[in-house]
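Chemist: What follows is the residue order along each chain.
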Amino acid sequence: EAGVAQSPRYKIIEKRQSVAFWCNPISGHATLYWYQQILGQGPKLLIQFQNNGVVDDSQLPKDRFSAERLKGVDSTLKIQPAKLEDSAVYLCASSLSQTGAYGYTFGSGTRLTVV
Amino acid sequence: AQSVSQHNHHVILSEAASLELGCNYSYGGTVNLFWYVQYPGQHLQLLLKYFSGDPLVKGIKGFEAEFIKSKFSFNLRKPSVQWSDTAEYFCAVSGGGADGLTFGKGTHLIIQP
Numbered sequence: 001e002a003g004v005a006q007s008p009r010y011k012i013i014e015k016r017q018s019v020a021f022w023c024n025p026i027s028g029h030a031t032l033y034w035y036q037q038i039l040g041q042g043p044k045l046l047i048q049f050q051n052n053g054v055v056d057d058s059q060l061p062k063d064r065f066s067a068e069r070l071k072g073v074d075s076t077l078k079i080q081p082a083k084l085e086d087s088a089v090y091l092c093a094s095s096l097s098q099t100g101a102y103g104y105t106f107g108s109g110t111r112l113t114v115v
Numbered sequence: 001a002q003s004v005s006q007h008n009h010h011v012i013l014s015e016a017a018s019l020e021l022g023c024n025y026s027y028g029g030t031v032n033l034f035w036y037v038q039y040p041g042q043h044l045q046l047l048l049k050y051f052s053g054d055p056l057v058k059g060i061k062g063f064e065a066e067f068i069k070s071k072f073s074f075n076l077r078k079p080s081v082q083w084s085d086t087a088e089y090f091c092a093v094s095g096g097g098a099d100g101l102t103f104g105k106g107t108h109l110i111i112q113p
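Protein sequences, first through last, are from chains R and V. For the first sequence, position 104 matches number 104 in this note's numbering, and the numbering has no gaps at all. For the second sequence, position 81 matches number 81 in this note's numbering, and the numbering has no gaps at all.
Since the hints were derived computationally from the structure, they do not count as laboratory data. The reader is advised that the hints may include incorrect statements.
[As the list claims (entries may be wrong)] Reference excerpt, derived from the structure (chain V facing chain R, CB under 7 Å, subset only):
#1 Ala-16
#2 Leu-19
#3 Gly-22
#4 Leu-46
#5 Trp-83
#6 Thr-86
#7 Phe-90
#8 Gly-104
#9 Lys-105
Here a beta-carbon is modelled for each residue, glycine too, at the ideal position from N, C-alpha and C.
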């Protein structure tokens, strides 16, 4: 089966600019997650969608980050304006079950560098 | 909130040595436990998972992990490592009302030939 697709693979922007990342989950996976992985740390959950509804966005910095999942399939994550500390790999993952009973499949991520 | 602790940030072993990576989690209720591996330049891959049943879980590539509920631990083991096991290893947990994964900081494993 096709994996979780993310684009772009790399992005370099200046601080205070905006950026958007795209994710296409595995077909049929109702649950979608965005994680932030800062160098030297484990991934941190930013937001979880169940179909096109938000289940958990408690760790999303809502003053600058936003995410949507229109039609319950593809999702975009936006940062506006970016700060230096936003430099990280942004991972998208999807799951067949909201409880993760069948595991989670991760995309390759988008590496963001803010200069 | 849940937390996951991985005891060793960097581990260096020689080929054929035995491996054990420690992982402890904080939540005392029902949890699902995972080990992921990230090879250089690649995405996270699932090594093994525990949901219920036999606390000794076998995964891919000869890895196994043991869930010890009384110790809140889920340590990863492999009896004989190979050079190709060089990677970053992450322990993760879901449950306790959080469906997403909470990850540890990872262990960077280097296998010397």
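Chemist: Does each hint fit the structure? Answer for all of them.
Modeler: Against the structure, the hints:
no.	hint	verdict
1	Ala-16	violated (28 Å)
2	Leu-19	violated (19 Å)
3	Gly-22	violated (14 Å)
4	Leu-46	holds (6 Å)
5	Trp-83	violated (23 Å)
6	Thr-86	violated (17 Å)
7	Phe-90	holds (5 Å)
8	Gly-104	holds (5 Å)
9	Lys-105	holds (5 Å)
The structure fails to meet hints 1, 2, 3, 5 and 6 from the earlier list, while all remaining hints are met.
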